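Each chain is listed here by its residues.
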Amino acid sequence: MSLVVSNLSVSHGAISALRGIDFSVEVGQLAAVIGANGAGKTTLLRTLSGLKDAISGNATWKDREILGKRPDELVRRGISHVSEGKSVIPELSVKENLILGGIWRGKKSDTAEAINEVVELFPRLGERMSQSANTLSGGERQMLAIGRALVSRPKLLLLDEPSLGLAPIVIEQIFQTIDQLRHRLGLTVLLVEQNAMSALEIADIGVIINLGEVVATGPANELINDPALRAAYLGY
Amino acid sequence: MQKALETLLIGLSTGSIYALMSLALVLVWRSTRVINFAQAGQAMFSTYIGFEIATRSQIFWLGLLFAIVAGALLGAGVDYFFMRVLFKHANSGPALVVAPVIATLGLLGLIRSIVGLTWGGEFKSLTAPASKNGFTFGEVTIPFSPLDSLTIITVAVILIILALLFQRTNLGLALRASAYSPEIAQLAGIRTARTRTIGWAIAGGVGGVAGMLVTSYNFLTPYSLDLLLVFGFIAAVIGGLESMVGAVIGALVLGIGLTIILNYVGTSLVFIGGFSVLLLVLLIKPDGIMARGKVRRG
Amino acid sequence: MAKVVGGNTGSKVRKKLALFFLIGWILLIIGDRVDELRVYQGAQIAMYTIALASIVLLTGYSGQVSLGNGAMMAVGGYAAALTLNNLQTPIWSAFMMAILVAALFGAFLGLAAARLSGPYLAGTTLALAVGLPAIANQFSFLGGEPGLLFDVGFPPERFGEDFTQYKWFFWIATFIALIALFVTSNILQSRFGRTWRAIRGNSLAAELSGINASQLKVLAFSVSSGLAGLAGAVLAMTISLVAPGAYTLALSFALVTGAVLAGISSLPGVVLGGFILVAIPEIADALASSLGSEDKLNSYLPGLIVSVLLILSVIYTPNGPGENLRKHFHKKSAH
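For the record, the sequence lines run as chains A, B and C. FYI, in the working numbering the residues of the first sequence are 1 to 236. FYI, in the working numbering the residues of the second sequence are 1001 to 1298. FYI, in the working numbering the residues of the third sequence are 2001 to 2335.
Only chain A is shown next, with the shape it has when bound in the complex (with noise of 0.2 Å):
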């Protein structure tokens, strides 16, 4: 076991978020949170890397707990996370956005590296480096997000909602990419969705959550062929 979340509770002031959340990933797999807006799936990533406390429960990653740490910390701990909406900062050019993921690690030698390594990933931040970030698409910005992470070495990665606002094509490489990149670099993925479908296809288990519990995990080519949860969660 890598990722373990056990009986996990998280509240937004007076309403509670997420109840009793239970689910485990191993390492090297991409587990695929689905469900509708307003489910919780957002709280449980930034609960998970250290943006939101819990109330109640745990997460260990590699039988550590990661809950009470700052995201910064678990940075260092090898967890990163691509926040909703393209989290790149525009003010700055798109190097310095990728640099900014390898500052922690004080090596510059190495940062430089790893930004080869995402140049190699994603061509088109190789031809766009001293623009700044501002002047990016709407994909650009997620490979951009999703880059900067990569910077930082992760082993676990977080990423929230990938999809939001591209264009169905673009969608659709974003994921190839998501795909790609774990095979290649063996990461453990957290991948939370909307766009269920397209998350379950290159996932290997999925978690549906619907109003902040937990209500199926599985296989991920189980869910998508289970008739009652295609009904109630997946939409189709």
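Honestly, I wouldn't trust all of these hints.
[Claimed, not checked] Listed below are the simulated SDA-like cross-link pairs for lysine to any residue, each with C-alpha atoms no more than 25 Å apart in a straight line: (1) A:Lys-69 to B:Phe-1166; (2) B:Lys-1003 to B:Ile-1260; (3) A:Lys-52 to B:Arg-1194; (4) C:Lys-2167 to C:Asp-2285; (5) A:Lys-69 to B:Arg-1194; (6) A:Lys-52 to B:Tyr-1180; (7) A:Lys-108 to B:Ile-1161; (8) A:Lys-108 to B:Val-1085; (9) A:Lys-107 to B:Ile-1198; (10) A:Lys-95 to A:Asn-134; (11) C:Lys-2296 to B:Phe-1219.
Keep in mind that the hints were calculated from the coordinates and are not lab data. Being a predicted model, the structure only gives us computed values, none of them experimental.
The hints should help you fit chains B and C onto chain A, whose structure is shown.
Using the frame of chain A, we list chains B and C on its own:
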């Protein structure tokens, strides 16, 4: 023509000192979303330290160095021991918006009283690192002095160091990223709280230089830097509060503008002039002269 | 329904009026029983009470922060002195003029301020507090550094020989403070007051429900400035002159401290705030003389106490000690 040139030069030297204070305010504003009124107090404390060292060693530059170090330490201390506690406690109620502002005001008063209790209220005079008498060309003596030129050079050097720091180093990148988006910076592994404290330290050091430079022209008292704070703030507003380049440009514009008033209108209107500029900018271009139709935040 | 509410508030106002009369009467009796110094301090408390009410009205109720109340007081003080000295009109007209001029000045500033958010407004008013009193130095008709005389005259002879000058100040200041508080508390309970609080809560929501937030902010600024101007004139009366040295940045700081300690959104608290502001120099004096007789102590100890109080209260009871008590009781009654 000659008078115009003199006005421009004096304005540049005045404005360059404002630029440092304005930068200090902008640095803190960007990272903490607070106008740090205590900046005047921090600069004053650092200047007293610098004054002591400069007077005892008879070396202005050693005093300046100590002022920078004292300012940086105090700046970091204020953020670490004061602002963090404040933000932990003041998190609700009608005072939420005003608490940080009022707190920095309280800190200004605290530092002022401590300085007053330590050094008294007497006028202290610092030996300037260069002559205050204007340059002489043959028969003509202009008001622009070696001290003025040294001020401009000192500030220029500091600005260049800061520009290199912010544009070329990882620390600078971390500082900028934490200011623009603390959340993304933290997700990228930046220790944002620590970075913020470093930002306060830099602002403190820069404020210390501003205090030492002002004090090489005027007497030092527990109140002598208040006006510097006000003009630094006005300059920062002219520059739009968010931009460091804007802060410097705003300060130079203000310095030259006030010198024009001083030379062509009279002393009595200098403050009114500065205040009118502030109101005008706020009414006409509230995002500063550097803004390009962006909406002001917060 | 509306009629019932209207009648209700009417009787409330009458009850409040009676209460204020009672307080005034008690104060006058106390004024007869204590020594000169206390009478003088009573006048100061009255002055601070008015000044603090002006801050509470602005910050506590409309959510804007002004650090420049000392400057507004200066405007009022100078307006009153110029009126009295040049027009030879009755005293009350000088006080009215102080309100009027300061309110106009405040309205002008408010026009700018209404468009400003927190840091801009705070900085602008701080600039005013630093610069405005100093401006008086530059203009001869304002008397420069020594300032202008402001002499409200001797107490009327019919009060008798024993009726001292300070007691006369105390009477005037108390009378003015009571009226000012009465009017302010009625404003706060009126439609305006409620709307101000709505703006403080949420400008956007207020705007959406048809309230013109910026107009009301200008009004709040203007009323608050008028009050500050009045306080400035009362201050001028107690020291018999108007000079830049009376309206320093330290005064503005002290007022903000008093307002925070009083509970920034509590009008009754301002009297307590006034007491504290008058007590601080006393305590500082006592401390200073027990610590030694250096000048430094006398000049900077009061500032130290004010700052420490301000910092502690803003960290631990940002909405005033009153707020904490209220919460405390609220919790108790809930359990």
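Just to be careful, I want the Cα atoms of B:Lys-1003 and B:Ile-1260 compared with a cutoff of 25 Å; is the pair within it? With Cα atoms ~10 Å apart, B:Lys-1003 and B:Ile-1260 stay inside 25 Å; holds.
With a cut-off of 25 Å on the C-alpha distance, tell me whether A:Lys-95 and A:Asn-134 pass. Measuring from Cα to Cα gives roughly 12 Å; hence the hint holds.
Given hint B:Arg-1194 paired with A:Lys-52 - CA-CA distance at most 25 Å: 19 Å, holds
What's the verdict on A:Lys-52 and B:Tyr-1180, does the C-alpha distance respect the 25 Å limit or exceed it? 20 Å, holds
Given pair status - B:Val-1085, A:Lys-108, alpha carbons within 25 Å: 35 Å, violated
Is the Cα-Cα distance between A:Lys-69 and B:Phe-1166 25 Å or less? Since the Cα atoms of A:Lys-69 and B:Phe-1166 sit roughly 29 Å apart, the hinted pair is violated (cutoff 25 Å).
Is A:Lys-107 within 25 Å of B:Ile-1198, Cα to Cα? 20 Å, holds
Below or equal to 25 Å on CA atoms is what counts here, so check C:Lys-2296 against B:Phe-1219. 18 Å, holds
Can you confirm whether the C-alpha distance between A:Lys-108 and B:Ile-1161 stays at or below 25 Å? It holds: about 21 Å lies between the C-alpha atoms, which stays within 25 Å.
Distance restraint between C:Lys-2167 and C:Asp-2285, which requires alpha-carbon spacing of 25 Å or less: 24 Å, holds
Checking one constraint from the list: CA of A:Lys-69 to CA of B:Arg-1194, max 25 Å. Satisfied? 15 Å, holds
Comparing the model with each numbered hint stated earlier shows that hints 1 and 8 do not hold.
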